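Which chain is which? The protein sequence lines are A and B, in order.
If you read the first sequence in the numbering used here, its first letter stands for residue 1, the second for the next number, and so on.
If you read the second sequence in the numbering used here, its first letter stands for residue 1001, the second for the next number, and so on.
Source of the hints: derived by calculation from the structure; they are not laboratory data.
Please read all numbers here as calculations on a predicted model, not as lab measurements.
Each residue gets a CB set at the ideal place from its N, CA and C atoms; glycine is no exception.
Hints are not guaranteed to be accurate.
As the list claims (entries may be wrong) - Far from chain B, by Cβ distances over 10 Å, these chain A residues were calculated:
# : residue
1 : 21
2 : 26
3 : 213
4 : 260
5 : 335
What the hints assert, rightly or not - Derived, one-sided and incomplete: chain A residues facing chain B with beta-carbon distance under 10 Å:
# : residue
6 : 37
7 : 210
8 : 288
9 : 291
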Amino acid sequence: MKRNSYFFISLLVSVVLCTSCITEDEYDNSPEGNFEALWQTIDRQYCFLDYKKQEYGLDWNEIYSQYKQRISKGMNNEQLFEVLADMLNELRDGHVNLSSKLEYSQYREWFDSYPANFSDSIQRVYLGKDYALSSGMKYQIFEDNIAYIYCGSFQSGIGEGNLDEILNKLAICDGLIIDVRNNSGGNLTTAEKLAARFTNEKVLVGYMSHKTGPGHNDFSTPKAVWLEPSLDRVRWQKQAVVLTNRRSFSATNDFVNRMKILPKVTIIGDKTGGGSGLPFSSELPNGWSVRFSASPMYDADMEHLEFGIDPDIKVNMTSEDMQRNVDTIIETAREYLHNHKE
Amino acid sequence: MKKILLLLLFLPLSLLSQAQEDSLQANRYVMRATLYGAGFTNILDTYLSPMEYTGPEIRILRESMRMTKLMNGNVSVQSLFQAHLSLTENKAETSNEMAGMVNWNYALHYQFRLTENLKILAGPMLDLNGGFIYNMRNSNNPAQAKAYVNLAASGMVIYRFHIGNYPLIARYQANLPVMGVMFSPEYGQSYYEIFSLKNGGKNVLFTSLHNQPSLRQLVTLDFPIRSVNMRFGYLCDIQQAKVNNLKSHIWSHAFMIGFVKNFYLLKGKNKVAMPGRVSPY
């Protein structure tokens, strides 16, 4: 009986000692508290702090001191939002957004400071009125027997059957243009599905890692990312050109990276917008949502893709061509495909 | 203590050998209870948000207990199944999280009959858990999958008493996970990496009291109303973990009510009410 009593007493003590609460330090819902919470979320979870320090001298501790001075107890929500948005814009990342009921912050320099290199009114001239539409993609066969597909988003899925039908229909063409200008991304799996139609073998296209802890250098060992051919499906075997501009961002950046490595694919247009960090979400004590890059992706040479991918042939739309409703980038692609006809 | 260790050895064996001959023995008496309840949940999962979410939950609990032939018939077996669903909100009332968990416990308890009316039960427990937390606002980290298995220590006190001539049974039970394994993504690892790219990492982790200080406590009171045995219960379910630099907790407090049925299992015959002297409960 005595031994039993010891057992139950020790069990009770274990229960009391071991059941300690696991909680997270929460900041006050005040301008200071929200500022501290946002700064700390980025400090712990944002994946490009060291890379951007190296690229343009970003010092996140210095940013703290600089922006802390702009926080005061009496500021209203609008003023607080402006300061916090400005602080986030120091990251120069289109994947970093602050969202309140009133506003949505976005770093826009990655496309605003560059030529648009896309005009939907000129594109309409090329598509004509008899273009086809499938799985969100518009496609047309030009008079010179070059096929043109416009993929404006990877947000929605693309059906494998739709891709089969489209590529079958375009198989008679001498070359294919895939236009991903102004495609600001969406699902990586959708981008991968489209790229898988352009290779016959498994290809190493890059690496991906993620944060393993709150330290700036706490990263997992980068693991290889492969592009595998879409087996038992229709795959494009001729020359193809991908058209890009600065608004080719995020999952589209990943699509361009996958395509660029393929031997029969050429990238023409402007440098892509980048956005190679897989974004995660978090929130502040006042309920505002914040999105930030959490997992970096690299190309096959382990180089960062965060600030974009250079095209194989750099072309801007000229104002002379635009006045004549001519898309300089499409015309360059058509010429390239004619010159490289198989 | 030695008895408890022996029970630890018997736990896997008893899981495999459920079928026994019907020989009008104590181990054929079964207590079954089903409780329905509602309560309050507090959720934290730093993979989804550093903020706590709170809100109501609904829960169902099914329990069965019977005696076994182990250790001269002093060991009872308890099977406890629970499922709960909660809809919670952050303090700022700008976002919601939905959580659903199922839990199955299988325990062997050595019964220490201290007096005619008081007994203490102690023994090992297998604790299986699975579920999800879904944040309705997040982008690439919208949900967290929960899956963990534990070997737990379980203790119970059962006290039969009367108020006047009215018979009552009170019970307190506590289950403490001692060691186990748990699934978790790494700190900033997306499910895209785990499942689409198949780039895993430290996703299956050893857990013990240092990183999973959890405890389930259940208090019940059985009271008859005419020929029906009713049960009122309070459950305090503290599930916590700190793995891969991610913190999580689901704290639930639920009040439950339901029915208790006592059977004597006979193949192909009617079930017979259980005499108090052989009750596993």
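Hint by hint, here is what the structure shows:
1. 21: violated, 7 Å
2. 26: violated, 7 Å
3. 213: Violated, because the least Cβ-Cβ distance between residue 213 of chain A and chain B comes to about 5 Å, which does not exceed 10 Å.
4. 260: Given that every Cβ of chain B is farther than 10 Å from that of residue 260 of chain A, nearest at about 19 Å, it holds.
5. 335: Residue 335 of chain A is indeed farther than 10 Å from all Cβ atoms of chain B, at 37 Å.
6. 37: With a closest approach of 7 Å, the residue 37 of chain A hint holds.
7. 210: holds, 4 Å
8. 288: Check passed: Cβ of residue 288 of chain A comes within 7 Å of chain B, closer than 10 Å.
9. 291: With a minimum Cβ separation of about 6 Å from chain B (threshold 10 Å), the hint on residue 291 of chain A holds.
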